[in-house]
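Engineer: From first to last, the protein sequence lines are chains A and B.
Residue numbers for the first sequence follow numbering that gives the first Met the number 0, so the first one is 0 and each next one is one higher.
Residue numbers for the second sequence follow numbering that gives the first Met the number 0, so the first one is 0 and each next one is one higher.
Source of the hints: derived by calculation from the structure; they are not laboratory data.
Even for Gly, the Cβ is constructed at its ideal location relative to N, Cα and C.
Treat the hints with care, as some may be off.
What the hints assert, rightly or not - Below are the DSS-like pairs computed for lysine-lysine, each with C-alpha atoms no more than 27 angstroms apart in a straight line:
no. : chain 1 : residue 1 : chain 2 : residue 2
1   : B       : Lys79     : B       : Lys45
2   : A       : Lys78     : B       : Lys212
3   : A       : Lys86     : B       : Lys8
What the hints assert, rightly or not - A few chain A residues that face chain B, going by a derived Cβ cut-off under 7 angstroms, partial list only:
no. : residue
4   : Arg30
5   : Tyr82
6   : Ser84
7   : Lys86
8   : Leu93
9   : Phe101
10  : Gly104
11  : Ile105
Unchecked claim - Reference listing, derived: stretches of chain A covered by chain B, where coverage requires no fewer than 3 residues with Cβ under 8 angstroms from a Cβ of chain B:
no. : region
12  : 51-59
13  : 70-79
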Amino acid sequence: MHNDNIIEVSGLTRKFGNFTAVDHITFEVKRGEIFGFLGANGAGKTTAIRMLTGLLIPSTGQATVAGFDVFTQTESIKKNIGYMSQKFSLYSDLTVVENIRFYGGIYGLRSRDIRRKTDELLERLGLADVRNRLIDDLPLGWKQKLAFSTAVIHEPAIVFMDEPTGGVDPITRRQFWDLIYEASDRGTTIFVTTHYMDEAEYCDRVTIMVDGRIDALDTPGGLKKKYGAEDIDEVFVKLARGGVA
Amino acid sequence: MKAFLGFIKKEFLHIFRDRRTLLILFGMPLVQLLLFGYAVRNELNKADIAILDHSRDEITREITDKLLSSGYFQLTAWLKSESEIEVVFQRGIARNVIVFESEFGRKLIRDGSANINIVTDASDPNMAQMLEGYTVNIIRDYQQEWQERNRQVQQSAGGSAGGGASISGIVPEVRMLFNPELRSANLFVPGLIAFILMLVSAFLTSITIAREKEQGTMEVLLASPLNPIQIIIGKVLPYLALSVINVFTILIVALVVFDVPFRGSVLLFSMLSLLFIMAALALGLRISSVVKDQQTAMMISLAGLLLPTILLSGFIFPISNMPAVLQYISHIVPAKWFLIIIRGIMLKGVGLEFLWQETLILFGMVVILMATSIKSFKIRLE
Chain A
0 MHNDNIIEVS
10 GLTRKFGNFT
20 AVDHITFEVK
30 RGEIFGFLGA
40 NGAGKTTAIR
50 MLTGLLIPST
60 GQATVAGFDV
70 FTQTESIKKN
80 IGYMSQKFSL
90 YSDLTVVENI
100 RFYGGIYGLR
110 SRDIRRKTDE
120 LLERLGLADV
130 RNRLIDDLPL
140 GWKQKLAFST
150 AVIHEPAIVF
160 MDEPTGGVDP
170 ITRRQFWDLI
180 YEASDRGTTI
190 FVTTHYMDEA
200 EYCDRVTIMV
210 DGRIDALDTP
220 GGLKKKYGAE
230 DIDEVFVKLA
240 RGGVA
Chain B
0 MKAFLGFIKK
10 EFLHIFRDRR
20 TLLILFGMPL
30 VQLLLFGYAV
40 RNELNKADIA
50 ILDHSRDEIT
60 REITDKLLSS
70 GYFQLTAWLK
80 SESEIEVVFQ
90 RGIARNVIVF
100 ESEFGRKLIR
110 DGSANINIVT
120 DASDPNMAQM
130 LEGYTVNIIR
140 DYQQEWQERN
150 RQVQQSAGGS
160 AGGGASISGI
170 VPEVRMLFNP
180 ELRSANLFVP
190 GLIAFILMLV
200 SAFLTSITIA
210 REKEQGTMEV
220 LLASPLNPIQ
230 IIIGKVLPYL
240 ALSVINVFTI
250 LIVALVVFDV
260 PFRGSVLLFS
270 MLSLLFIMAA
280 LALGLRISSV
290 VKDQQTAMMI
300 SLAGLLLPTI
310 LLSGFIFPIS
320 NMPAVLQYIS
330 HIVPAKWFLI
340 IIRGIMLKGV
350 GLEFLWQETL
360 ILFGMVVILM
370 ATSIKSFKIR
380 LE
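Can you build the whole structure from these sequences, using the hints too?
Structural biologist: Structure representation (structure tokens):
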């Protein structure tokens, strides 16, 4: 029915005791878009992403991811998404190739496909020379690219990234975004959380979360116009002040 | 299933690539075995003794000879007066002084009794107790021989009820059952097995799961199609396999190198060891479900699991000698029950008919631990 929406969220809420981490959020993500999920640390981004990836059952509300319900069909969701966590999530004591094989394996790829994809991927990332090196020995930027590539190795419909660019310098971040665009061009929907406001400009649409609620949702340009701001950072500051007042 | 196998393969890669883990897995058991086997001995081996003989007759000489030829003692000083005893202890010349009263032999023949004073340096109470025990046993032994000899002498002299008959009283017979030579290897090998199993199954498992959390890979695993139970089993299975290998390695080394007896059923031993491994794995899981990083996991398993396994299980210190409070605490240490079980199987050769109570307790522990561990692990996932 909603063929153009790959994620549909309505009134989604998660409480931890008395604390409401995510408070009735509602939004849609269109198939194929790069969707930015912005907010300060502790705004509830991670809780939201965990509910959408089936790691956390919501308290109330409704949501579907790739057509599957987040309450009852988490197993199906997990098969259709890729996930990259804040910490690059590679095994530092395994080699590049071993990491790729492992992640290909847990997503149920066949050995033949894994082998083909491994070669492809290493070629594309320019990591062919270091295929048998331990992850530990690689620079941060390479690890990050590899982590992303393993997260999409099974060609998921959608990939969730929780602050994938944390602690990385601006140039490496820019290169990383090139990789995200490539995946997007291949038709993968990108759902990315970040607290770097400048990265919002790279997204098709962004939403800004403050204290567990979604205060704004639009294209970067639209948001700037609406709040009369120079950049997203300013939008964010205005929103955050409004939240406090 | 294929994804699961890949997971297990990855786990083995971790183990074989990490020198520290390998060392703990295979180095530590062997070092401990040899350490306990050769260095830490509970039996006496040429302990230093001094003798103060006020009598210097034939009988005191025979007793002295018997003590020294036993192999447990070596003479380091002949004393001349009581005042020297303290000096000998203070200088560490001897740990045990044997004092024969004057006219020892004469009194023994005439009155049927004579006094030997055994003075031990009790600054090391365990050692002192042991020295005393060994000394008393050897002297009793001699007493028996002496009576025997006297009786024969009397019989050959015509069976008259002479002086020898007046040596009356029953000499209590003290026999050491199941560990007649009081060999410490027989005692420490079962303890060591319990310790190694706890080390590998609980300590290493809790650390490896904590590591996945610390690295952020646990989140990715949980967001993958692998289900939580598969992840738990995948994490635990390699360590279980290695634990089993470890147990049999220790057992074989113990049997071959230290001549430790194995009198019971190997099957029963294996089954009940598996039960204990399950308890240890559950404890490891429980710990890993509450910690966020490897260091905390390590500290908690050290203090909460390994130390009680060594100190409160009866591995090194007998539980019956502990203060009442500690005796109560020892009841909740799984290793305590496991030790009773495997000592029973290995040294006494008994079966389930004598061990069912301990087995039941251990089984109950496993059920409770497994249930709470898996539950808490799941809660954590959310």
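Engineer: Interface hint check: Tyr82(A), Cβ to nearest Cβ on chain B, cutoff 7 angstroms. Holds or violated?
Structural biologist: holds, 4 angstroms
Engineer: Given a cut of 7 angstroms on the nearest C-beta pair, is the interface hint for Ser84(A) held or broken against chain B?
Structural biologist: holds, 4 angstroms
Engineer: Is the straight-line distance between the alpha-carbon of Lys86(A) and that of Lys8(B) 27 angstroms or less?
Structural biologist: holds, 23 angstroms
Engineer: Does Leu93(A) meet its interface restraint, that is, does its C-beta lie within less than 7 angstroms of any C-beta in chain B?
Structural biologist: holds, 6 angstroms
Engineer: Quickly compare the C-alpha distance for Lys79(B) and Lys45(B) to 27 angstroms and report which way the hint goes.
Structural biologist: Answer holds: Lys79(B) to Lys45(B) is near 22 angstroms, not above 27 angstroms.
Engineer: Quick check: the region 51-59 of chain A, covered by chain B? Criterion 3+ residues, Cβ under 8 angstroms.
Structural biologist: holds (count 5)
Engineer: Does Phe101(A) hold up as a contact with chain B if the rule is Cβ-Cβ below 7 angstroms?
Structural biologist: Result: holds, 5 angstroms to nearest chain B Cβ.
Engineer: Does the CB of Arg30(A) sit less than 7 angstroms away from some CB of chain B?
Structural biologist: violated, 20 angstroms
Engineer: A closest beta-carbon separation below 7 angstroms is what the hint needs, so does Ile105(A) meet it against chain B?
Structural biologist: Cβ of Ile105(A) sits 5 angstroms from chain B, so the hint holds.
Engineer: Given as covered by chain B, does the region 70-79 of chain A meet the bar of three residues or more with CB within less than 8 angstroms?
Structural biologist: holds (count 3)
Engineer: Hey, Lys78(A) versus Lys212(B), does the alpha-carbon distance stay inside 27 angstroms?
Structural biologist: holds, 21 angstroms
Engineer: Min Cβ distance, Gly104(A) to chain B: is it shorter than 7 angstroms?
Structural biologist: holds, 3 angstroms
Comparing the model with each earlier hint shows a violation of hint 4 alone; every other hint is respected.
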